[in-house]
Amino acid sequence: MQVQSEVDVEVQCYHCGQPCQDLVWKDDKPFCCAGCQAVFEILSANNLCAYYDYEQNPGVQVTRPVDESVYAYLNQPSICQKLVTFSSENFSRVEFYVPAIHCISCIWLLENLKRLNSGMLRSEVNFPRKRVIVDFDPRNITLARVASLMASVGYAPVITLDDRQDKTKDTRSFSADKKLITKLAIAGFCFGNVMLFSFPEYLGLEGEESLRGVFSWLNVLLSIPVLLYSSTDYLRSAWQSFKQRQINIDVPIAVGLIALFGRSFWEIASGFGPGYFDSFTGLVFFLLIGRWFQSKTYQSLAFDRDFKSYFPLAVQKREGDSWNPVIIYELAKGDEVKIRNMEIVPADSTLLTGEGFMDYSFVTGESRPVRVVGGSHVYAGGRLIGQPVTLRVEKETSQSHLTSLWNNAIFKKPNESRYKKILDMAAQRFTWIVLGISVITAAYWYVADPSQVWLIVTAVLMVACPCALALTAPFTYGNMLRQFGRHGLYLKNADVIERMAKIDSLVFDKTGTITHGRRPQISFVGDLSGDEMAAIKQVCGFSTHPYSTRIHEALKQQRIVDVNDFKETPSKGIAATVNGDEYLIGSAEFAGAVSYQDVATAKVYVSVNGELRGYFQIKTAVRENLKPMINRWKGFIALLSGDNAADSGRMSNLFEAKAKLLFNQNPHDKLDYVANLQQSGHTVMMLGDGLNDSGALKQADVGIAVTDDTGVFTPSCDGIMQGEKLGYLDRYLALAKSATTIVKSAFILSFLYNAVAISVAVSGHLTPLIAAVLMPLSSISVVVFTTLSVNFVAIRTLKK
Amino acid sequence: MKIIVLLILISVSIAAIFLAIFYWSMKNGQYDDTYTPSVRMLFDPSKPSDEQEPSESGQK
Numbered sequence: 001m002q003v004q005s006e007v008d009v010e011v012q013c014y015h016c017g018q019p020c021q022d023l024v025w026k027d028d029k030p031f032c033c034a035g036c037q038a039v040f041e042i043l044s045a046n047n048l049c050a051y052y053d054y055e056q057n058p059g060v061q062v063t064r065p066v067d068e069s070v071y072a073y074l075n076q077p078s079i080c081q082k083l084v085t086f087s088s089e090n091f092s093r094v095e096f097y098v099p100a101i102h103c104i105s106c107i108w109l110l111e112n113l114k115r116l117n118s119g120m121l122r123s124e125v126n127f128p129r130k131r132v133i134v135d136f137d138p139r140n141i142t143l144a145r146v147a148s149l150m151a152s153v154g155y156a157p158v159i160t161l162d163d164r165q166d167k168t169k170d171t172r173s174f175s176a177d178k179k180l181i182t183k184l185a186i187a188g189f190c191f192g193n194v195m196l197f198s199f200p201e202y203l204g205l206e207g208e209e210s211l212r213g214v215f216s217w218l219n220v221l222l223s224i225p226v227l228l229y230s231s232t233d234y235l236r237s238a239w240q241s242f243k244q245r246q247i248n249i250d251v252p253i254a255v256g257l258i259a260l261f262g263r264s265f266w267e268i269a270s271g272f273g274p275g276y277f278d279s280f281t282g283l284v285f286f287l288l289i290g291r292w293f294q295s296k297t298y299q300s301l302a303f304d305r306d307f308k309s310y311f312p313l314a315v316q317k318r319e320g321d322s323w324n325p326v327i328i329y330e331l332a333k334g335d336e337v338k339i340r341n342m343e344i345v346p347a348d349s350t351l352l353t354g355e356g357f358m359d360y361s362f363v364t365g366e367s368r369p370v371r372v373v374g375g376s377h378v379y380a381g382g383r384l385i386g387q388p389v390t391l392r393v394e395k396e397t398s399q400s401h402l403t404s405l406w407n408n409a410i411f412k413k414p415n416e417s418r419y420k421k422i423l424d425m426a427a428q429r430f431t432w433i434v435l436g437i438s439v440i441t442a443a444y445w446y447v448a449d450p451s452q453v454w455l456i457v458t459a460v461l462m463v464a465c466p467c468a469l470a471l472t473a474p475f476t477y478g479n480m481l482r483q484f485g486r487h488g489l490y491l492k493n494a495d496v497i498e499r500m501a502k503i504d505s506l507v508f509d510k511t512g513t514i515t516h517g518r519r520p521q522i523s524f525v526g527d528l529s530g531d532e533m534a535a536i537k538q539v540c541g542f543s544t545h546p547y548s549t550r551i552h553e554a555l556k557q558q559r560i561v562d563v564n565d566f567k568e569t570p571s572k573g574i575a576a577t578v579n580g581d582e583y584l585i586g587s588a589e590f591a592g593a594v595s596y597q598d599v600a601t602a603k604v605y606v607s608v609n610g611e612l613r614g615y616f617q618i619k620t621a622v623r624e625n626l627k628p629m630i631n632r633w634k635g636f637i638a639l640l641s642g643d644n645a646a647d648s649g650r651m652s653n654l655f656e657a658k659a660k661l662l663f664n665q666n667p668h669d670k671l672d673y674v675a676n677l678q679q680s681g682h683t684v685m686m687l688g689d690g691l692n693d694s695g696a697l698k699q700a701d702v703g704i705a706v707t708d709d710t711g712v713f714t715p716s717c718d719g720i721m722q723g724e725k726l727g728y729l730d731r732y733l734a735l736a737k738s739a740t741t742i743v744k745s746a747f748i749l750s751f752l753y754n755a756v757a758i759s760v761a762v763s764g765h766l767t768p769l770i771a772a773v774l775m776p777l778s779s780i781s782v783v784v785f786t787t788l789s790v791n792f793v794a795i796r797t798l799k800k
Numbered sequence: 001m002k003i004i005v006l007l008i009l010i011s012v013s014i015a016a017i018f019l020a021i022f023y024w025s026m027k028n029g030q031y032d033d034t035y036t037p038s039v040r041m042l043f044d045p046s047k048p049s050d051e052q053e054p055s056e057s058g059q060k
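Taken in sequence, the protein lines are chains A and B. Counting from 1, position 486 in the first sequence corresponds to residue 486 in the working numbering; the numbering is continuous, with no gaps. Counting from 1, position 14 in the second sequence corresponds to residue 14 in the working numbering; the numbering is continuous, with no gaps.
Just so you know, not all the hints are guaranteed correct.
Derived EDC-like pairs (lysine to aspartate or glutamate); straight-line CA-CA distance at most 20 Å [stated by the list, open to error]:
id, chain 1, residue 1, chain 2, residue 2
1, A, Lys572, A, Glu582
2, A, Lys296, B, Asp44
3, B, Lys27, A, Glu209
4, A, Lys627, A, Glu724
5, A, Lys627, B, Asp32
6, A, Lys114, B, Asp32
7, A, Lys308, A, Glu394
8, A, Lys421, A, Asp504
9, A, Lys567, A, Glu724
10, A, Lys567, A, Asp527
11, A, Lys179, B, Asp33
12, A, Lys178, B, Asp32
13, A, Lys114, A, Glu208
14, A, Lys572, A, Glu355
15, A, Lys333, A, Asp321
16, A, Lys556, A, Glu532
17, A, Lys603, A, Asp527
18, B, Lys2, A, Glu209
19, A, Lys627, A, Asp504
20, A, Lys179, B, Asp32
21, A, Lys178, B, Asp33
22, A, Lys627, A, Glu656
23, B, Lys27, A, Asp177
24, B, Lys2, A, Glu582
Output of the computed footprint for chain B on chain A, the stretches with three or more beta carbons under 8 Å from beta carbons of chain B [said to hold, decoys possible]:
id, stretch
25, 126 to 140
26, 144 to 150
27, 176 to 183
28, 672 to 681
Since the hints were derived computationally from the structure, they do not count as laboratory data. All C-beta atoms in this analysis are idealised placements derived from N, C-alpha and C, irrespective of residue type, glycine included.
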């Protein structure tokens, strides 16, 4: 008996690796469900079983059968045209986002799609971005068929309203990245060669004068592209901030660069000396390395999504007697649209025919689906659970209750410019000091030896170029960014860390952030046999009530049973006869139990043949480790829930007295709350997960989206955090604080170098050789210092 | 000494050629995806025996 149960536990689905409780066997291989088996059959029929060789259990559980009509709208020429990147009579190319891509087998299968259908010509996976480029022959296969074919093997492409613009957006960010690398490459190339030509100078070799001249002029030649191309970002940024009468870090850098280049050019042109071109090119090279190091991006994550990537691209609209797909932008007031199970309502509308449940959990934070009947008002963003319904559009998509949030001014202005960087503040002080020193030095030498003034002032400006200073922040924050990424917090860019260090208030969303909103815990209290469980699973599968679907998904027992006399009474329960036994599943009264009020958990009662057997408890669980984190947190803390106050008992237990708990908050309320908090002097971090949090996430000083699966939609934010890491939030914030401390200590280090270099320059002893040694020495020691200390602090803080 | 000038010219122009090649490869998207090609080259060309018995051990 014991052996039996152990075997039961260990059998994994051959396709998806999920443990199977009731097996389906096919070709001596176990499968957890009919969906996985179906995928295996498709693959084995098409000679694609190597899929299972590259990784073990590589598949994705296919829970719902693929309905080809879901993709039918892709055949509409106007829609097809917007998606395909290239199209001719016998060749089309389309790029799909496929979140299910996760392993080597995925790449193999998706690149062998042509073996499933002869109309597929070629497919290429971009693994880091989870995208597939598919070339197909439109004479043999339609775009809709391509999409449903991919869905049938478990790789359903996700097509949203955003896909139309995606192409341009991606190429732009890519080219910025590429430009930086090109600049870096050119600076590196010139730096290396300039050093080579400066070698005789370093060693003090005496040689032919003419050869020296050749070397010097080659250095000039090599430095020109560095000045005119590689360093343009610094020069431009310095000029811009100069025009606005502000000083940022690029101002002293640009001054130093120009002083270096001008002085060196003058030295060579006048035959005075060899110039400082090695320092000049090296400086630009190191600065660009810092910039490149800091620009780490997570390609598979998107931080700037708005509602467009949540909404579907098209919807079925009534035109006369037929239903045709239209792009949802083209919907106007009064149009009739049809929505099917699990589809998203594209615009605020009134329900015309049919009835079902609306899941607003992502839009309002309300965790329990709302029942809608004819005449009900439904809001854009809700997800239908139930039979197809028809709706009449009341407002255009962009004017809907939810999407109007994006009309708020906070979404118009760029986020970053609101914050003054610690580096720029240091640069301001630094620039004034350097300017003061230059003036004093000039005055002194004007008295002592007027012929030296110009030489010594340029020398001061040259060595005062805060290269090491400029490298502190990129390397500290760049390293920190990687440390956070390793521990499940993916930040949009390194500047976020600086803002995280100042956070004194935490604001949480409830559903999906504090709780596993979309993955409720279901437990059965009572006594049921395996056969009865299987019967309940089957019966619940016929119902579209959200609780039924959840019970159906939670139960693993799978047996084929005969269900007769199925009858669903709305808002009461379901009755059915299975193998001669009469089942009643539903509310307490319906199943014949005594009801008592307990709003925190939903209960579904079960009776068999008139005998009450127990109930299912459906509970949205609070994430682990949250309570100790909240206890450790000393600052202000608040909870903003779009949900009703039913959960307030559990939440106040979790948050204790110090927290502020607010319920029934709409998206605008949340934004205003965060803004008010900021006005009263707090620096706020918002943690949320849904579209309803978008405004608050944007308004907050740092907005973090919490998610259990980085593949699904996350609203626009500064960072994405894995749900299970939420209990360590205070440690992350502490780590961000130590990053600031490290930056400040590195500032001191680089100021010391500058002080030494400036004192050499002021006294008139600066030679190209000293400059060539000091400059890389200071930069490299700052890089080493910050890298080591960040890793040390990160290990100490996060490994506790 | 003239030979040094010639050698320098050769060395710098070779380096410049490599720089140009790097630029070209970058423009052509060689660095767009640095992971997938490393996996793709390990895939076996399709075997006719695939359909009979995919071996458990395989590549991994």
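Consistency of the hints with the structure:
Note on Lys572(A) and Glu582(A): the hinted pairing holds, with a Cα-Cα distance of about 16 Å set against a maximum of 20 Å. Under the criterion of a C-alpha separation no larger than 20 Å, the hint pairing Lys296(A) with Asp44(B) is inconsistent with the structure, at around 33 Å. Among the hinted pairs, Lys27(B) with Glu209(A) is inconsistent with the structure: their alpha-carbon atoms are about 42 Å apart, more than 20 Å. With a C-alpha separation of about 13 Å, the suggested pairing of Lys627(A) with Glu724(A) holds against the 20 Å cut-off.
For the given pair, Lys627(A) sits about 43 Å from Asp32(B) by alpha-carbon distance, which is inconsistent with the 20 Å threshold. Distance hint between Lys114(A) and Asp32(B) is unfulfilled; the C-alpha atoms sit about 24 Å from each other, more than 20 Å. Note on Lys308(A) and Glu394(A): the hinted pairing holds, with a Cα-Cα distance of about 19 Å set against a maximum of 20 Å. With a CA separation close to 18 Å, the supplied pair Lys421(A) and Asp504(A) stays within the 20 Å bound.
With a C-alpha separation of about 41 Å, the suggested pairing of Lys567(A) with Glu724(A) is violated against the 20 Å cut-off. Among the hinted pairs, Lys567(A) with Asp527(A) is inconsistent with the structure: their alpha-carbon atoms are about 24 Å apart, more than 20 Å. With a C-alpha separation of about 16 Å, the suggested pairing of Lys179(A) with Asp33(B) holds against the 20 Å cut-off. Distance restraint check for Lys178(A) and Asp32(B): the Cα-Cα separation of roughly 9 Å lies within the 20 Å cut-off, and the hinted pair is therefore satisfied.
For the given pair, Lys114(A) sits about 68 Å from Glu208(A) by alpha-carbon distance, which is inconsistent with the 20 Å threshold. A hinted pair counts as satisfied when its Cα atoms are at most 20 Å apart, and Lys572(A) with Glu355(A) qualifies at roughly 15 Å. Only pairs whose Cα atoms come within 20 Å are accepted, and Lys333(A) paired with Asp321(A) is accepted, the gap being roughly 19 Å. Our distance criterion of 20 Å between C-alpha atoms is met by Lys556(A) and Glu532(A), whose separation comes to about 12 Å.
Taken as a hint, the Lys603(A) and Asp527(A) pair is honoured in the structure, with Cα atoms around 15 Å apart against an allowance of 20 Å. The hinted pair formed by Lys2(B) and Glu209(A) meets the criterion: a straight-line CA distance of about 13 Å does not exceed 20 Å. Proposed proximity of Lys627(A) and Asp504(A) is supported: the alpha carbons are some 18 Å apart, at most 20 Å. Note on Lys179(A) and Asp32(B): the hinted pairing holds, with a Cα-Cα distance of about 13 Å set against a maximum of 20 Å.
A threshold of 20 Å between alpha carbons decides the hint, and for Lys178(A) with Asp33(B) the separation of about 13 Å falls inside it, so the pair holds. Taken as a hint, the Lys627(A) and Glu656(A) pair is honoured in the structure, with Cα atoms around 9 Å apart against an allowance of 20 Å. A hinted pair counts as satisfied when its Cα atoms are at most 20 Å apart, and Lys27(B) with Asp177(A) qualifies at roughly 12 Å. A C-alpha spacing of about 104 Å is found between Lys2(B) and Glu582(A), which places the hinted pair above 20 Å, so the restraint is violated.
Interface restraint, the stretch 126 to 140 of chain A with chain B: holds (4 residues with C-beta to C-beta distance below 8 Å; minimum three). With 0 residues carrying a beta carbon less than 8 Å from a beta carbon of chain B, the stretch 144 to 150 of chain A misses the three-residue requirement, and the given coverage is violated. With 3 residues having a beta carbon nearer than 8 Å to a beta carbon of chain B, the stretch 176 to 183 of chain A meets the requirement of three or more and the stated coverage holds. Coverage of the stretch 672 to 681 of chain A by chain B is violated. Counting CB-CB distances below 8 Å, 0 residues qualify, and the rule asks for three or more.
Consistency note: the structure conflicts with the earlier hints numbered 2, 3, 5, 6, 9, 10, 13, 24, 26 and 28.
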